[in-house]
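S.K.: Next come the chains, spelled out residue by residue.
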Amino acid sequence: MNAEIPTMIGKRLILSVITLLIVSFAVFFATNMLPGDTAAILLGQAATPEAVEGLRHAMHLDEPAVLRFLRWLGGVFTGDLGTSYANNMSIATLIGSRFVNTMELAGITTLVAVPLALTLGITAAVMRGSVYDRIVTVLTIGVISVPEFVVASTAVLIFAVYLKWLPAISFVNEVHSLSDLLRMYAMPVVTLTFVVSAQIIRMTRAAVIETLSTPYVEMALLKGASRSRIVLRHALPNSLGPIVNALALSLSYLIGGVIIIETIFNYPGIAKLMVDAVATRDLPLIQTCALIFCLGYLILITIADIIAILSNPRLR
Amino acid sequence: MSKIVEIRNLRVEATTDSGRRIEIIKGIDIEIAKGEIVALIGESGSGKTTIALTLMGHTRPGCRISDGSILVDGKDMAKLSERERSAVRGTEVAYVPQSAAAAFNPSQTIMDQVIEVTRIHGLMTPEKARERAVELFRALSLPSPETIGTRYPHQVSGGQLQRLAAAMALIGDPKLVIFDEPTTALDVTTQIDVLRAFKSVMKAGGISGVYVSHDLAVVAQIADRIVVLKGGEVQEKGTTDAILSAPKHAYTRELLAAFEPKETQFAEQPIEKPRPLLEIENVIGGYGPIQPNGLPFIQAVRSVSLSVQKGRNLGIIGESGCGKSTLARCIAGILPANAGNIVFDGKELDHAARRRTRDQLREMQIVFQYADTALNPAKPIDDILGRPLSFYHGLSGKARSARVEELLDMVQLPKSLRYRHPSELSGGQKQRINFARALAANPKLIICDEITSALDTVVAAAIIELLKELQRELDLSYIFISHDLSVVEAICDEIVVMYRGEKVEHLTREDVKAPTHPYSKLLFSSVPKLDPTWLDNLVLEPELVRQYGGA
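First to last, the protein sequences are chains H and F.
The end of the first sequence is residue 319 by this note's numbering, with every number in the run present.
The end of the second sequence is residue 553 by this note's numbering, with every number in the run present.
Isolated chain H, as found in the complex (with noise of 0.2 Å):
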């Protein structure tokens, strides 16, 4: 083991740190940016000029940004999440479960897609140049290219409609058994790994191709290895930098960028929570829930840099 790893993972963790802070920044003053007065839509009616003042001031709307924002990253770091103003509830217990409902999504579609998308992408790139390796490209540019709203709705359409084989949205709490489970997360899951999928096989077909080109892989080959242990043992292991990125960035998609997914089949996560949160200017709800995406996101990619350096003999 090489003294200089912990160095390096030690300053990759600060960056990731001061990335955090730096979004928690942006993202409470972008929300505050938002038009409309929170407090005026609050009262909605009763909105008189007084009782609006008296709001703001109770909810420390009168503050400068500045110490709102500390004050708010105080409670941050400290567990209190704030408190809703749409309701009244502690922001921790409204995502609580919605969290667990994405983790699980995620969760799922990750089993599914990554086993998926690195065995389309490794043979994709075995065979270079095969009608099998033409139609996983043109099926991945194509995935890539259609929008994943058409890509849901068009799976609503043919199987929930037509069809009439699934649900077309999800109803987490009717779920009794097995059966009920499959067909809930069925289309949802299907769709998301269309969306992931495509640039995993990309990016996993190109960083494998490059290096069944290099001069050891074809040592190995006139050494007698087989096929499988070419690609096994000498082409992936020095291709799995970048292959662990694609993965880290694919699947961070999965935590923010399902809003789409979630509010097309009515899917209790997340991201569908932020939306409803926008509507009524909930900020703190708002703020929580684009730091818990950017944690996710740079959680993710903190892995697959930590696993890249890590499978970098150089350093090792």
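Some hints here could point you the wrong way.
Some, not all, of what chain F presents toward chain H, calculated at C-beta under 10 Å [what the hints assert, rightly or not]:
1) V90
2) R91
3) A103
4) Q115
5) Y154
6) V158
7) V203
8) G207
Keep in mind the hints are simulated off the structure, nothing from the lab.
These figures come from a predicted structure and were not determined experimentally.
Beta carbons: idealized from backbone N, C-alpha and C, even for Gly.
Fit chain F to the known structure of chain H by using the hints.
M.R.: The following block gives chain F in isolation, referenced to the frame of chain H:
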């Protein structure tokens, strides 16, 4: 004697990017007897590596064996199935690659890769294979044979990797070993050790070999017979002695001629000492963070002083890593020197190129080793040569166009080349363009950094001739950097020998045959000679080798 290899009427086809099929090997016949080492020699593109690889039934992507038979120990490699070929590879025919540094998987230990052949073919238990590997390491005189296998490829030197690659090839007890330019990437002092190790192991095991190389002198040391190739055809074959002493084919003579010391007329030493064109004093340059004393962490050039007289040439010679290229970059100001003075044409130059005047920049040009990377692949030659003309001389339109043609003429290239892109030129042509671009500035001094190293012997010799001719016409001075003594000798009036960042010796033409510094002695005596007995008779002082030897 029975034959181990019989190649009959071998033809190999390549498909170009545009889908056109061209024949790159045009019906050749080669035989190799048991225990014999046959060299395939020729310039790049002559098909020598392609032929060698067909002995393992392998062709590079885009190529295929279109006709003929390749009998290796009675099996026709062209007709075997992929599975049958795999079974032969590593056990009967083994391969030693050109660049071992690239042929080792960076993420596995050396031992794992060396014994992989035994694992793939189930030849012996891993314990036994490791023992055998250590024996081979010892036979190839590798340092610390017991533990070198536990390292990763980047942790050992190039010369050691090349010997480790030989161990990797020999572990399966092959009947035939293919060496693909195995010493081309090595320094001469290292090359000697590697060649010796190969030769003794091959002889001890009575193994047949195919030795692919472009270097006739190296081949002379190791091969029993030589096959000379050009354009995918056999030009001449015969015993090593016969080829060296009585070459029949014109191309063979050309190859040999490139080795002959050139009778060159050097300008008579002027009586009065003229003012030097370039004078550098105690230049220090390097890389890494600047230390409190103002010097870089890694000093690649340590206090070097030298001078170049007007109209004369200075050679800088040394092994890779000796700091010769860094020195060139310091003089040109690309890498600002950290200390010392650079006086050019009587005026002190700033260390950094961007603080030099345009005229100072114009008068000193640098030409890099790899024309491939030095020429912008997206621009036609016209633009590449035209840019310095506009930049330094403000030329445009017809004047610029006329000057581009003149420059092409100077480097002896047809005018029609101006509309082509670098990728449409041969290696030698690209290097000529690279050089013409430096000429475009009308310089007084041109720094040539290994400009012939990536070229074939015959092409390189032609470039050297061109440089000499241009010098006579244009009153140029060159600083000529190379690791190849014969190239430097051919063109330089004075030679500076560098070792580990320091100038160890300054030789004039008269004493180039008799260097006094021990490192120069070792370096000069390590250059292979055409004489086939040279390696066997070469006696290097062990003390010298220990102190300065490769690896």
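S.K.: Now look at each hint and say whether the structure bears it out.
M.R.: Verification of the hints:
Taking 10 Å as the C-beta cut-off, the interface hint given for V90 (chain F) holds, the closest approach to chain H being about 7 Å. Interface hint status for R91 (chain F): upheld, as the beta-carbon distance to the closest one in chain H is roughly 4 Å, under 10 Å. The restraint placing A103 (chain F) at the interface with chain H holds, with a minimum CB-CB distance near 9 Å, inside the 10 Å limit. Nearest Cβ of chain H to the Cβ of Q115 (chain F): about 8 Å, under the 10 Å cut. The hint holds.
Interface hint at Y154 (chain F): satisfied, since its Cβ lies 5 Å from the closest Cβ of chain H, which is below the 10 Å cut-off. Taking 10 Å as the C-beta cut-off, the interface hint given for V158 (chain F) is violated, the closest approach to chain H being about 13 Å. With its C-beta approaching chain H no nearer than about 18 Å, V203 (chain F) sits outside the 10 Å limit, and its interface hint is violated. Violation of the interface hint for G207 (chain F) is found here, the shortest Cβ-Cβ separation to chain H being roughly 18 Å, above the 10 Å cut-off.
The structure does not agree with the numbered hints 6, 7 and 8 stated previously, though it agrees with the rest.
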